[in-house]
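S.K.: Quick note, the sequences are listed as chains A and B, same order.
Residue numbers are given in numbering that gives the first Met the number 0: position 138 of the first sequence equals residue 137, and the series is strictly consecutive.
Residue numbers are given in numbering that gives the first Met the number 0: position 377 of the second sequence equals residue 376, and the series is strictly consecutive.
Keep in mind that the hints were calculated from the coordinates and are not lab data.
Cβ coordinates follow ideal geometry from the N, Cα and C atoms, glycine included.
Do not take every clue at face value.
Claimed, not checked - Away from chain B, derived, C-beta distances all over 12 Å, residues of chain A: (1) Asn5; (2) Glu9; (3) Glu44; (4) Val51; (5) Val63; (6) Lys102; (7) Arg107; (8) Asp138; (9) Val140; (10) Glu156; (11) Ser197; (12) Ala198; (13) Leu227; (14) Val228.
What the hints assert, rightly or not - Computed cross-link-like contacts, PhoX-like style, restricted to lysine-lysine with a CA-CA straight-line distance of at most 25 Å: (15) A/Lys30 / B/Lys310; (16) B/Lys304 / B/Lys240; (17) B/Lys179 / B/Lys124; (18) B/Lys440 / A/Lys240; (19) B/Lys425 / A/Lys30; (20) A/Lys240 / B/Lys157; (21) B/Lys456 / A/Lys240; (22) B/Lys179 / A/Lys30; (23) B/Lys389 / B/Lys425; (24) B/Lys126 / A/Lys1; (25) A/Lys102 / A/Lys30; (26) B/Lys425 / B/Lys440; (27) B/Lys126 / B/Lys157; (28) A/Lys1 / B/Lys440; (29) B/Lys310 / B/Lys179; (30) B/Lys157 / B/Lys543; (31) A/Lys30 / B/Lys195; (32) B/Lys311 / B/Lys358; (33) B/Lys124 / A/Lys1; (34) A/Lys158 / A/Lys240.
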Amino acid sequence: MKVSRNELIELLKLAFEGLGFDQGDYENAAKLVTHAEMWGLGGLEVLARALVGASLQPHQAVQVLREDHHSAVIDGQNLSSLLCLRSAADLAYVKCLSSPVGKVTITRCQHRLLVFQHLIGLSLRWVTCSASWWAGPEDNVLHVLSVLPGERTPSPEYKVYQVTGEKVKGEKLTGDNNGLTSTGQLEIYSAQSSQAMSAHLAELLPPSADLIKTLNSGDMLANYESSLVDGIGVDDALWFKLVSLAAEMLVPSSDQSRSGAGD
Amino acid sequence: MNRTKSQSAPGPATAELLDGLDINADLRSAAEVMDLNRLGSLQPFRHSFMRILVRQMVRDQWQVRCSQFELDDRGFGFAVYTIEAKAEIYSFVVFAAYLQDENRNDRVIAEQWDLTMALVRGLVKDKQLQRLRATVPMQEAARMTADMLVLSRANRSKRMFDYVVDALASGVQPEINRFKEVGYLCRTTAVYGSGKFGMADWGAVQHQCQSFAKPFAAEMFCCFMLRHFSVEQAQHIAHCKAPATAVSLDSDIRRYVGIGNATGLGMAPFLIKHPQLIAQWLLVREVAIARVLKMGEVTPDRLLKLQAMIKKVIQHTRETSVEDDNQADRNSQVIVDLENLTEILRENPALEDWLWLKKRLLEYYCQDTIEIVYSLLIELYPGLVDFMEKNLSVEENLQLCPEIALGELKQTIEADYDWSLAIDFKQPERQHVFWYRSEEKMEPRLGERYCEAGADKELPVQIAMAVKACYEKVCSHLIRYPNSDVIHFLLEHSDQTSIVKRIQTMSQLVYGDIQANLADQQMQPIHLLRAKLSFFGVSKFDPKSRLWVRNTMFQGAPLLNELDSDQHLDEWYFPLAPEG
């Protein structure tokens with residue numbers, strides 16, 4: 000079925016509220032999913048996976064494990080990006096105000112693709128930003144999302160690299176590092192200068208990386224506009240699952256309640 | 000307290016609006032403008048959406064023709080109208096069905112209607128018409144498509160429709176006095192847009208439908224077309240009933256036929272959910288008032304016109320029939336005030352500026368009168384205010400400023416939300432009601448917290464309480480971390496993200512949040528409805544309880560066949576019944 004942007008955001012808000020998210024979280028999460036879908040990143044598919052797991056347990060406080068003037072590390076507690084990123088992107092923004100590139104690392108973070116709309120949000124503050132994470136069966140696939148601010152619309156890009164040969168450690172946290180592991184690790188970077196960000200991303204990329212997937216800005220924007228104008232395709236089963244979650248937030252009707260709207 | 004809010008430098012769009020004005024000296028304060036009682040006195044004005052739409056239709060010479068009119072003798076069937084709006088084509092499709100009297104219900108929870116209708120992009124072909132015929136009459140129960148801008152439904156007025164048909168069929172014009180009581184043949188009970196049920200998203204409409212790119216323009220146009228169809232349908236039935244004697248409705252009476260509207264609580268959460276938009280609408284009205292008061296030259300012609308308009312409003316108010324005692328008293332007071340003002344103006348024909356009038360308004364007259372006179376003053380100076388039509392939309396995005404010192408956030412709350420800090424939420428009556436969505440069509444309703452179930456599913460419309468709770472947490476955090484910033488506060492209190500975003504965003508605007516505790520026992524939801532309806536431009540505000548209201552749209556507006564003439568172009572506010 001096809002649904003509108005507004006309709007999807009409103010249903011998701013209610014569904015997440017039905018799952019127990021607080022207001023800030025459900026408003027945020029609804030936009031993260033919807034925009035990841037509209038920009039062509041498969042946000043709804045990620046959501047469908049999240050709904051069958053245990054990563055949408057709400058109300059676990061964000062824990063900052065480490066912080067200095069240009070970076071911070073947050074424990075994502077195996078929660079979905081819909082919940083555990085909360086203030087992470089905003090923190091990355093604050094970090095870039097006092098250093099060339101601000102960096103926030105979130106460990107034990109699920110559904111990392113959904114960080115995307117946070118980057119779009121950062122770009123509206125006229126900073127360049129990116130996010131990267133390692134995935135794949137051997138942890139050798141590098142995903143990089145980047146967003147440049149723009150006069151009319153932000154300019155996003157998504158690239159996926161396969162790394163062969165030497166095992167890449169990069170800045171991944173290890174078991175020796177205060178007990179943290181690299182599982183589900185996500186890095187968010189922000190910079191006031193696009194040159195600083197470019198230089199940083201060049202350093203991030205291993206020499207043996209092969210580009211295996213690209214979604215360029217034009218493709219992503221076209222996807223967004225087509226979703227806006229023609230509607231967003233949603234799997235029927237997922238839609239009705241969301242409707243049933245949303246129904247948790249509706250109050251059963253009665254004669255008394257009917258009188259609460261005008262009789 | 001500040002005259003206006005503690006805003007920083009305005010953005011470019013706001014700066015253009017404020018050009019030549021001193022925010023503190025010339026504009027009314029946020030405390031005054033955003034007060035709920037004041038909002039409940041707002042009146043339609045030159046920038047109300049119906050007025051803007053009619054001017055646009057005339058300016059752009061919209062052409063509307065009926066391409067199909069397939070009604071049977073009883074008026075059941077369908078009609079299709081094609082609209083050429085500059086280079087864009089739209090279709091208005093309406094289905095008329097039989098409805099038993101006992102099933103006629105104004106509530107959103109109704110499931111059958113006399114008329115159902117839609118506004119769609121492009122020409123409607125046969126296959127699409129079949130699809131519309133299958134879905135539009137089902138309203139919320141069906142899925143629509145992205146080529147549809149508006150979905151709506153309406154019911155016949157029990158008091159007027161059959162009466163008018165019978166009169167026309169017998170060859171006489173209906174009594175004009177009957178229209179003073181009920182100024183329409185049909186009453187719409189819901190008008191949906193903005194992507195509901197799979198329809199076109201507002202973002203798509205705004206960028207791809209230039210004719211309907213202003214707020215609620217498509218919804219207003221749908222009601223305008225319904226007004227036209229309701230008369231066509233009544234005339235058709237009359238002619239079928241008595242071909243030998245039937246007459247058509249006299250054009251002066253026809254112009255006085257509007258479209259009825261029943262509005263309930265559904266409109267109220269919109270105002271809370273879209274604070275930037277509402278603040279912008281109010282800014283436009285307030286800037287218009289301020290520009291006229293400050294820059295409007297008083298001339299003998301304008302004084303005479305103002306007196307004529309006041310006379311018209313007095314007559315309009317006399318012709319307004321309401322059952323609600325409070326509204327009737329308010330209307331009576333308006334008449335008393337305006338008659339007094341008429342005398343005063345007559346005795347002071349040499350006014351030099353409008354500030355004298357402003358002073359008199361504030362000293363002697365009720366809030367309704369003040370807002371009416373301001374609406375009239377705006378009419379005198381189209382050259383000073385019409386440029387602001389384009390400023391009624393905003394990009395809505397509540398934006399966090401995470402780097403700001405937490406102490407600064409505390410000061411912002413103290414300056415801009417002092418009204419919420421003053422409320423003692425420990426008093427039960429301050430939290431007496433809660434807003435929620437019913438499982439019946441998700442209809443927004445009000446419940447009593449201490450005796451009804453559902454408060455655990457409360458809608459987040461209690462901004463005042465949320466701000467106060469946030470303030471207390473901010474103060475507590477500052478005791479422990481005096482140099483903290485907003486981001487570190489939110490890392491510890493992530494549940495405050497939403498309200499902090501709102502506070503920081505709204506504090507940048509001239510007019511911020513509506514200043515009311517929506518959980519208060521004494522709160523009047525109808526004030527919220529009136530505020531929004533005034534921006535739509537409705538007249539004959541007729542409360543049926545504190546929860547819902549009937550009103551009239553497009554009464555006095557030009558008819559479809561008059562759009563290419565300027566005879567009745569823009570003088571249809573506060574409409575009067577035709578004489579005779």
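S.K.: Now tell me, hint by hint, if it's right for this structure.
M.R.: Okay, the hints, checked on the actual structure:
The Cβ of A/Asn5 sits about 4 Å from the closest Cβ of chain B, inside the 12 Å cut-off, so the non-interface label is violated. Its closest Cβ contact with chain B, about 9 Å, brings A/Glu9 to no more than 12 Å, contrary to its assignment away from the interface. Look at A/Glu44: its CB is around 20 Å from the nearest CB on chain B, clear of 12 Å, so calling it non-interface holds up. Non-interface status of A/Val51 relative to chain B is upheld: no Cβ of that chain comes within 12 Å, the nearest being about 25 Å off.
Not every CB of chain B lies more than 12 Å from the CB of A/Val63, the least distance being 6 Å, so the non-interface label is violated. Against chain B, the non-interface label of A/Lys102 holds: every CB pair exceeds 12 Å, the least being about 15 Å. Even its closest Cβ contact with chain B, about 17 Å, leaves A/Arg107 beyond 12 Å, as expected for a residue assigned away from the interface. With a least CB separation of 28 Å from chain B, A/Asp138 remains clear of the 12 Å interface cut-off, as annotated.
Residue placement check: A/Val140 keeps its beta carbon more than 12 Å from all beta carbons of chain B (closest about 30 Å). Listed as outside the interface, A/Glu156 is consistent with that label: its C-beta sits roughly 22 Å from the nearest C-beta of chain B, beyond the 12 Å cut-off. Listed as outside the interface, A/Ser197 is consistent with that label: its C-beta sits roughly 24 Å from the nearest C-beta of chain B, beyond the 12 Å cut-off. A/Ala198, annotated as away from the interface, keeps every beta carbon of chain B farther than 12 Å; the closest lies near 24 Å.
With a closest Cβ-Cβ approach of about 5 Å to chain B, A/Leu227 is found to fall inside the 12 Å limit, against its non-interface label. The beta carbon of A/Val228 sits about 5 Å from the closest Cβ of chain B, which is not more than 12 Å, so the claim that it is off the interface is violated. A C-alpha spacing of about 52 Å is found between A/Lys30 and B/Lys310, which places the hinted pair above 25 Å, so the restraint is violated. Between B/Lys304 and B/Lys240 the CA atoms are separated by roughly 46 Å; this puts the pair beyond 25 Å, and the hint is violated.
A threshold of 25 Å between alpha carbons decides the hint, and for B/Lys179 with B/Lys124 the separation of about 40 Å lies outside it, so the pair is violated. Our distance criterion of 25 Å between C-alpha atoms is met by B/Lys440 and A/Lys240, whose separation comes to about 18 Å. A hinted pair counts as satisfied when its Cα atoms are at most 25 Å apart, and B/Lys425 with A/Lys30 does not qualify at roughly 35 Å. Pair hint A/Lys240 plus B/Lys157 does not hold up; C-alpha atoms about 42 Å apart against a cutoff of 25 Å.
As the CA atoms of B/Lys456 and A/Lys240 are separated by approximately 19 Å, the hinted pair is consistent with the 25 Å bound. A hinted pair counts as satisfied when its Cα atoms are at most 25 Å apart, and B/Lys179 with A/Lys30 does not qualify at roughly 48 Å. Straight-line distance between C-alpha atoms of B/Lys389 and B/Lys425 comes to about 44 Å, which puts the hinted pair past the 25 Å bound. Pair hint B/Lys126 plus A/Lys1 holds up; C-alpha atoms about 19 Å apart against a cutoff of 25 Å.
The hinted pair formed by A/Lys102 and A/Lys30 meets the criterion: a straight-line CA distance of about 23 Å does not exceed 25 Å. Between B/Lys425 and B/Lys440 the alpha-carbon distance is near 33 Å, which puts this suggested pair outside the 25 Å criterion. With a C-alpha separation of about 35 Å, the suggested pairing of B/Lys126 with B/Lys157 is violated against the 25 Å cut-off. Only pairs whose Cα atoms come within 25 Å are accepted, and A/Lys1 paired with B/Lys440 is accepted, the gap being roughly 20 Å.
Distance check on the hinted pair: B/Lys310 and B/Lys179 sit about 17 Å apart at the alpha-carbon level, within 25 Å; holds. A C-alpha spacing of about 16 Å is found between B/Lys157 and B/Lys543, which places the hinted pair at or below 25 Å, so the restraint holds. A C-alpha spacing of about 17 Å is found between A/Lys30 and B/Lys195, which places the hinted pair at or below 25 Å, so the restraint holds. Restraint check: the Cα-Cα separation between B/Lys311 and B/Lys358 comes to about 23 Å, which is no more than 25 Å; the hinted pair holds.
Restraint check for B/Lys124 and A/Lys1: the C-alpha separation of about 21 Å stays at or below 25 Å, so the hint holds. Of the supplied pair hints, the one linking A/Lys158 and A/Lys240 is violated, its CA atoms being roughly 31 Å apart against a limit of 25 Å.
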